[in-house]
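Protein chains: 2
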Amino acid sequence: MTSPAVLAAVDWGTSNLRVWLLDEAGDVVGERKSGEGMSSAGGKGFAAILEEHLAALGAPEGLPAIVCGMAGARQGWVEAGYLDVPARIADFAQAATTAPGARRPVRILPGLAQRGAEHPDVMRGEETQLAGAELAEGAHFVCMPGTHSKWVAVEDGVVTGFRTAMTGELFHLLASHSILRHSLGETPDAGTPKAPAFQKALRDALANPERLTSALFAIRAGGLLDNVPSEDAAATLSGLLIGAEIAGAKSAAPAMHVVTLVASGGMAKRYAAALGTAGLLVNLVDADDAVRKGLFEAGRRLFLSGASA
Amino acid sequence: MTSPAVLAAVDWGTSNLRVWLLDEAGDVVGERKSGEGMSSAGGKGFAAILEEHLAALGAPEGLPAIVCGMAGARQGWVEAGYLDVPARIADFAQAATTAPGARRPVRILPGLAQRGAEHPDVMRGEETQLAGAELAEGAHFVCMPGTHSKWVAVEDGVVTGFRTAMTGELFHLLASHSILRHSLGETPDAGTPKAPAFQKALRDALANPERLTSALFAIRAGGLLDNVPSEDAAATLSGLLIGAEIAGAKSAAPAMHVVTLVASGGMAKRYAAALGTAGLLVNLVDADDAVRKGLFEAGRRLFLSGASA
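So the sequences go chain by chain: F and G. Heads up: the first sequence begins at 1432 in this note's numbering, then just goes up one per residue. Heads up: the second sequence begins at 1432 in this note's numbering, then just goes up one per residue.
Okay, chain F solo, but in the shape it has when bound (with noise of 0.2 angstroms):
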């Protein structure tokens, strides 16, 4: 016999729809995966497409939700805003937003922005995965890997700083778009983290990142030169961005020494053997229990304080 639900956690990005029923525990009881993210929603509707994902997990009338990523970005179910950091990450919660047409209360928590010319960012996902990080008082370097890598500076709960670099879709770009395709294949794998070709390429842009943009020709000419095998060719493209990648964070951050890496899978492998590679000890946190948790703890902050009090 499972718990009730308490509470429905959706975790809305721009291609990607995940929705939790948890109990009072936190500990699910139910569990749906969708393709349809942000960018194909608008059709049917945000609410609609929750009210589907929830009835077929059976989950009762009137069971709260909360939200966190691009459903609450411009284009979105309804714009959530951003907190500003520095940002206390106790505080995500009562900034959120309540999102319009729905048949039962549901909040949308609000991305971080980082303001100002020096060097200006956002976040909207992320910083609930932080949230869910459950980071210890203290001084915290955070790595969230992906299409979109960030970079987390937390002190005793509060966001200082963070930055945002391009890696996955860099890759994607260059596999798929640019001259270097012709050396990647089809359907390009970057392989294990142990491959020769991505270690080397990985040690290559620690030592010299500011020849990035040069390193990645080097990869065009290897295909015409020596036949570099495909799979090589996408191994090196990895390692050189994603070498680029901690060396620019690393320099953003001399003192960090240890990294949270925030990731699940083989994102997680690949990073950890990375950040490893680079001479940082690696904390590592599953990112699909973090968005859960920190969902969670939102949640029951917002709905649930009555019943827990």
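There's no promise every hint is true.
Stated by the list, open to error - Only part of the chain G face toward chain F is listed, based on derived beta-carbon distances under 8 angstroms:
1. H1550
2. D1552
3. H1579
4. V1589
5. T1595
6. A1596
7. H1608
8. S1609
9. R1642
10. G1653
11. L1655
12. D1657
13. N1658
14. S1682
Said to hold, decoys possible - Covered stretches of chain F, as calculated for chain G (at least 3 residues, CB under 8 angstroms):
15. 1551 to 1558
16. 1599 to 1606
17. 1637 to 1643
18. 1655 to 1669
19. 1678 to 1688
Stated by the list, open to error - Pair ranges (Cβ atoms, derived):
20. G:R1463 / F:T1623: 50 to 58 angstroms
21. F:H1603 / G:D1719: 30 to 38 angstroms
22. G:E1549 / F:V1459: 49 to 57 angstroms
23. G:G1474 / F:G1547: 47 to 55 angstroms
These are computed hints drawn from the structure, not numbers from a lab. A virtual CB, placed ideally from N, CA and C, is assigned to each residue, including glycine.
Based on the hints, put chain G in the right spot on chain F.
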């Protein structure tokens, strides 16, 4: 009265074709430009296209033609191979390949290749610009900016090594296919090299080239948070990529203090300004003149040596 043409000089790139008729002093007596570059020339055929342009220019039967560029690539008219570096500039012409199917003598110049795992690289066309830059004895560093910018080390007439930065291609990719396109608008224009946004981005990238992939994302964040105008966003993208290119070239060639810049038009102005900001002295050579001179010198050696000896 113009002097009679003794040579047809052809710069046949990926996207464009340029044909000059030159007299025995190498002066221009006729010129044609066309969009029939290597990538679109396959249908009608290279020989037929060349004959059309030569007929339109009134070139005499049997006038020899010298060709450089992508017409010598594997997917071009005929593969003209590569000379391996170190390569003596004076030796380029004698390595030319005869093009088949032409109604006149046609020779295609080879590209240059840098083999080995350290930094494989290739060029095709720029070697002829380099020959036409007529460098004096001694050591030179040459920058040939473009879609794929070439940085070449030359010592006493010998190309000793080179690197290619994907600057122009990255600008196009990021401006048209990445998330940055939302901030750059439909027709991105990097503006003048005096634009404050270009200068700031250039200085930032020269100071911290290792942060390139996160500095890029800040363009998008600046658009979201501060409604940065699209022309400033485009200038920033250009400044970041050119700054990173120059920083990488400096790191790979620490002895470089003077740069021979082979470029024309707006590209020449932009790179001259950027190289100056980077503390490098610039010796400007017009790229159009250089390729024509390089072709003439090679054609003279191959076809006209009897006459001029």
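Now the hints, each set against the structure:
A cut of 8 angstroms between beta carbons decides the hint on H1550 of chain G: the least distance to chain F is about 5 angstroms, and the hint holds. A hinted interface residue such as D1552 of chain G counts as satisfied when its beta carbon comes closer than 8 angstroms to some beta carbon of chain F; here the least separation is about 5 angstroms, so the hint holds. Among the interface hints, the one on H1579 of chain G holds; its C-beta lies about 6 angstroms from the nearest C-beta in chain F, closer than the 8 angstroms criterion. Nearest Cβ of chain F to the Cβ of V1589 of chain G: about 20 angstroms, over the 8 angstroms cut. The hint is violated.
At about 4 angstroms, the closest approach between the beta carbon of T1595 of chain G and any beta carbon in chain F falls short of 8 angstroms, and the interface hint on this residue holds. Of the supplied interface hints, the one on A1596 of chain G holds, with its beta-carbon coming within about 4 angstroms of a beta-carbon of chain F, less than 8 angstroms. Restraint check, H1608 of chain G versus chain F: the minimum CB separation of about 5 angstroms is within 8 angstroms; hint holds. A least Cβ separation of about 6 angstroms between S1609 of chain G and chain F falls short of the 8 angstroms threshold, and the interface hint therefore holds.
Proximity of R1642 of chain G to chain F holds as hinted, the smallest CB-CB distance being about 4 angstroms (cut-off 8 angstroms). About 4 angstroms separates the beta-carbon of G1653 of chain G from the nearest beta-carbon of chain F, less than 8 angstroms, and the hint is met. Hint status for L1655 of chain G: holds, given a least beta-carbon distance of 6 angstroms to chain F, under 8 angstroms. Among the interface hints, the one on D1657 of chain G holds; its C-beta lies about 7 angstroms from the nearest C-beta in chain F, closer than the 8 angstroms criterion.
Below 8 angstroms, beta-carbon pairs count as interface contacts, and N1658 of chain G has none with chain F, the closest being about 11 angstroms; its hint is therefore violated. Nearest Cβ of chain F to the Cβ of S1682 of chain G: about 5 angstroms, under the 8 angstroms cut. The hint holds. By the rule of at least three residues with a Cβ nearer than 8 angstroms to a Cβ of chain G, the coverage given for the segment 1551 to 1558 of chain F holds, with 3 such residues. Residues of the segment 1599 to 1606 of chain F with a Cβ under 8 angstroms from some Cβ of chain G number 4, which satisfies the need for three, so the listed coverage holds.
By the rule of at least three residues with a Cβ nearer than 8 angstroms to a Cβ of chain G, the coverage given for the segment 1637 to 1643 of chain F holds, with 5 such residues. By the rule of at least three residues with a Cβ nearer than 8 angstroms to a Cβ of chain G, the coverage given for the segment 1655 to 1669 of chain F holds, with 3 such residues. Figure legend: the segment 1678 to 1688 of chain F, annotated as covered by chain G; annotation consistent (5 residues with Cβ-Cβ distances under 8 angstroms, at least 3 required). One distance hint, 50 to 58 angstroms for the beta-carbon pair R1463 of chain G and T1623 of chain F, holds here, with the actual separation near 53 angstroms.
Checked against the given bound of 30 to 38 angstroms, the beta carbons of H1603 of chain F and D1719 of chain G, roughly 36 angstroms apart, stay inside it. The hinted range of 49 to 57 angstroms is satisfied by E1549 of chain G and V1459 of chain F, whose Cβ atoms lie roughly 51 angstroms apart. The hint said 47 to 55 angstroms for the Cβ distance between G1474 of chain G and G1547 of chain F, and at roughly 54 angstroms that hint holds.
Going down the numbered hints, you'll see the structure goes against 4 and 13, while the others check out.
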